[in-house]
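J.: Sequence:
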Amino acid sequence: MDYSQPAFNQSYTCPLILLCSSDFPSDRHDQLYHCNICMSEPWNNKGLTGDLKYINLPLEYSKKFTTVLYCRGILFFSYVEVKDQVAEHNFFVYYIHAASFDRFPSRPAMTNESRLAFGFGFHPGTNDYKVVRIAEQEQPTGLEQRIEVFTLGKPMWMINRKNPFLLRMQPYAASFNGALHWLGQDKQNGSTIIVSFDLESENFQQIPTPDNCKSRLDRKDWRVVVLGGCLCMVDYNDHKRVDIWSMKIYGVKESWIKEYTVMPFERLIGPSRPLCVLPNRNILIELQYLPESLYAYSVDLMTIYKIRIRDLPPRHSCRVVSVVDDDL
1 MDYSQPAFNQ
11 SYTCPLILLC
21 SSDFPSDRHD
31 QLYHCNICMS
41 EPWNNKGLTG
51 DLKYINLPLE
61 YSKKFTTVLY
71 CRGILFFSYV
81 EVKDQVAEHN
91 FFVYYIHAAS
101 FDRFPSRPAM
111 TNESRLAFGF
121 GFHPGTNDYK
131 VVRIAEQEQP
141 TGLEQRIEVF
151 TLGKPMWMIN
161 RKNPFLLRMQ
171 PYAASFNGAL
181 HWLGQDKQNG
191 STIIVSFDLE
201 SENFQQIPTP
211 DNCKSRLDRK
221 DWRVVVLGGC
231 LCMVDYNDHK
241 RVDIWSMKIY
251 GVKESWIKEY
261 TVMPFERLIG
271 PSRPLCVLPN
281 RNILIELQYL
291 PESLYAYSVD
301 LMTIYKIRIR
311 DLPPRHSCRV
321 VSVVDDDL
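The opening residue of the sequence shown carries number 1 in the UniProt record's numbering; numbering runs sequentially from there.
I should point out that these hints are in silico values taken from the structure, not numbers from a laboratory. Note that the structure is a prediction, hence the values are computed from the model and not measured. Think of the CB as a built atom: it goes at the ideal place given N, C-alpha and C, for glycine as much as any other residue. Mixed in with the good hints, there may be bad ones.
[To be verified] Computed beta-carbon distance windows for the label pairs:
#1 Lys-154 with Tyr-250: 25 to 35 Å
#2 Arg-161 with Glu-88: 34 to 44 Å
#3 Gly-228 with Asp-102: 12 to 22 Å
#4 Arg-241 with Lys-83: 44 to 54 Å
#5 Arg-161 with Arg-241: 17 to 27 Å
#6 Ser-201 with Gly-228: 23 to 33 Å
#7 Cys-38 with Lys-154: 18 to 28 Å
#8 His-34 with Lys-306: 34 to 44 Å
#9 Ser-255 with Phe-101: 37 to 47 Å
#10 Asn-189 with Ser-114: 18 to 28 Å
#11 Arg-281 with Ser-255: 15 to 25 Å
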């Protein structure tokens, strides 16, 4: 395999939001950065580089965030705070362009036996931004999921009781076409499916999956993402390689194609996350749980190239929150 630079025929910038967490146990706070990944010719010995800009959140003191999500210039955060010996789950959104933030009504913190997942998206028809909170807990009758929805600008969380599916508790939902998407399970027959939550009607629906994948969907190493302007399914194949299936026409089952394959490298061992499609069928990939873990991968040339981000804070672990879909 070749580790030379990927092919870009023109200058290109890929903006990201980075979350950096201190590796010191006594330093319990997170920092956020806007990062521009610069890819252009001619090449130099430093390779692909990224420049950082600190995002100064107007908080009373530093926080350790439990969730950070991004949508169209708005960041959503959650964190747990103890007041009068009662733990509360607090939420706020930060409007990057206006440098202002709003708080949400807090919710009781979940017990150790519970699991939480969030989704954050926008519906162009209503111009509404909505946060979906999924609280999962084991009950004597099996897993129970509570679905709560908060609309930015409204005063309270609303309970949605119309979910006929069991959602897979993945770290983030795929926001596309005015809906949030997760992998899930049909409660009637137990099959693995894609579940969408329409941000206008607040109804759950099933999205068809590729026929060629049905026999393997019950494995845990699948994700639903958005890449190249399409809803996609990522098959990690037990980390032997990564296959990316794209739904070229949203909602049309016959439009699924296996569009990209990322072959294994010694540098790409372990969980990886495709972030976006770059020019000339290059894919930006993040290796999870490792410092300095951004790579560009050329699908056609089967080459990878490390991206070096300048001025990262020392002794911090960083991960990508989101690719930025507008200019900051």
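J.: Would you mind marking each hint as holding or not holding in the structure?
T.: These are the hints, each one checked on the structure:
{"no.": "1", "hint": "Lys-154 with Tyr-250: 25 to 35 Å", "verdict": "holds (27 Å)"}
{"no.": "2", "hint": "Arg-161 with Glu-88: 34 to 44 Å", "verdict": "violated (24 Å)"}
{"no.": "3", "hint": "Gly-228 with Asp-102: 12 to 22 Å", "verdict": "violated (33 Å)"}
{"no.": "4", "hint": "Arg-241 with Lys-83: 44 to 54 Å", "verdict": "holds (48 Å)"}
{"no.": "5", "hint": "Arg-161 with Arg-241: 17 to 27 Å", "verdict": "violated (41 Å)"}
{"no.": "6", "hint": "Ser-201 with Gly-228: 23 to 33 Å", "verdict": "holds (27 Å)"}
{"no.": "7", "hint": "Cys-38 with Lys-154: 18 to 28 Å", "verdict": "violated (40 Å)"}
{"no.": "8", "hint": "His-34 with Lys-306: 34 to 44 Å", "verdict": "violated (21 Å)"}
{"no.": "9", "hint": "Ser-255 with Phe-101: 37 to 47 Å", "verdict": "holds (40 Å)"}
{"no.": "10", "hint": "Asn-189 with Ser-114: 18 to 28 Å", "verdict": "holds (27 Å)"}
{"no.": "11", "hint": "Arg-281 with Ser-255: 15 to 25 Å", "verdict": "holds (19 Å)"}
The structure does not agree with the numbered hints 2, 3, 5, 7, 8 stated previously, though it agrees with the rest.
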